[in-house]
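Could you build all of it, start to finish, from the sequences and the hints given here?
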Amino acid sequence: MPEDESIEIRIGHRIREMRKAAGLTQQQLAEASGLSKATLSKIELGQISSPISTFSRIAKCLNLTFEDFIRTSEPMSYLLIRKDDPRPLASQKAPYGYRFELLGERWPNKNIVPYMITYDPDPRNKTRPNFKHEMDEFIYVLEGSLDYYYENEIFFLEPGDCIFIDGSRTHGGRAHGDTPCRALLFAISKK
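For any residue, its number in this note's numbering is found by taking its place in the sequence shown, counting from 1, and adding 34.
Warning: the hint list may mix true and false statements.
[As the list claims (entries may be wrong)] Each computed DSSO-like pair below joins lysine-lysine, with the alpha-carbon atoms no more than 30 angstroms apart:
#1 166 <-> 54
#2 76 <-> 166
#3 224 <-> 166
#4 54 <-> 94
#5 94 <-> 71
#6 71 <-> 166
#7 160 <-> 54
#8 224 <-> 54
Everything labelled a hint here was simulated from the structure, so no lab data went into it. This one's a predicted model, so the numbers in the text were calculated from it and none came from an experiment.
Dropping the structure here:
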């Protein structure tokens, strides 16, 4: 795939490739993952951004992990990313209250996947985040402040604070106040 394609398109193509390899129709995978066929089609075409939890549900139905959708085959012993290097955005908009950049997309070992995540303020959104997936997360706040929801708890995090969570439990963050919150997020495979 061309290097200038968006990450949504690359992941979508990979999902379609893996679905076909598994011998499943879009309808079968959509039903198994709790999505509509139209939504799965848009994901495969890279037309919509989806949270990691959606990708994880799709991966689980294919007996894969989210990492399998972003894995590259390039052999490497290190990956250097300069501050001015272009980074693929995993989401251009913040339909789920956040957007993120993949920091290690080209790294072949996806047991740990680093992201730069930006939680955008949205005072109108009072919905409690309820993401779940099969990876643990470590989040380190860099700028702004964050209300982090984990099951029935709410944690207020400021720059320098961090939290390590079991991603299979209900979780998610919202920017606290009217300024964005930027954080490093490491998604860690349980395998």
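Q. Within 30 angstroms, alpha carbon to alpha carbon, are residue 54 and residue 94?
A. 15 angstroms, holds
Q: Quickly compare the C-alpha distance for residue 224 and residue 166 to 30 angstroms and report which way the hint goes.
A: 14 angstroms, holds
Q. Can the restraint linking residue 94 and residue 71 be considered satisfied, given a maximum Cα separation of 30 angstroms?
A. 17 angstroms, holds
Q. Regarding the pair residue 166 and residue 54, is the alpha-carbon distance no greater than 30 angstroms?
A. With Cα atoms ~26 angstroms apart, residue 166 and residue 54 stay inside 30 angstroms; holds.
Q. Does residue 54 lie within 30 angstroms of residue 224 when you go C-alpha to C-alpha?
A. 26 angstroms, holds
Q | 30 angstroms limit on alpha-carbon distance, applied to hinted pair residue 71 and residue 166 | A | It holds: about 21 angstroms lies between the C-alpha atoms, which stays within 30 angstroms.
(Q) Hinted pair, alpha-carbon criterion (30 angstroms max): residue 160, residue 54. Please report holds or violated. (A) Answer violated: residue 160 to residue 54 is near 39 angstroms, above 30 angstroms.
(Q) Check whether the Cα positions of residue 76 and residue 166 lie no farther apart than 30 angstroms. (A) 21 angstroms, holds
When the structure is compared with the earlier hints, a violation turns up for hint 7 alone.
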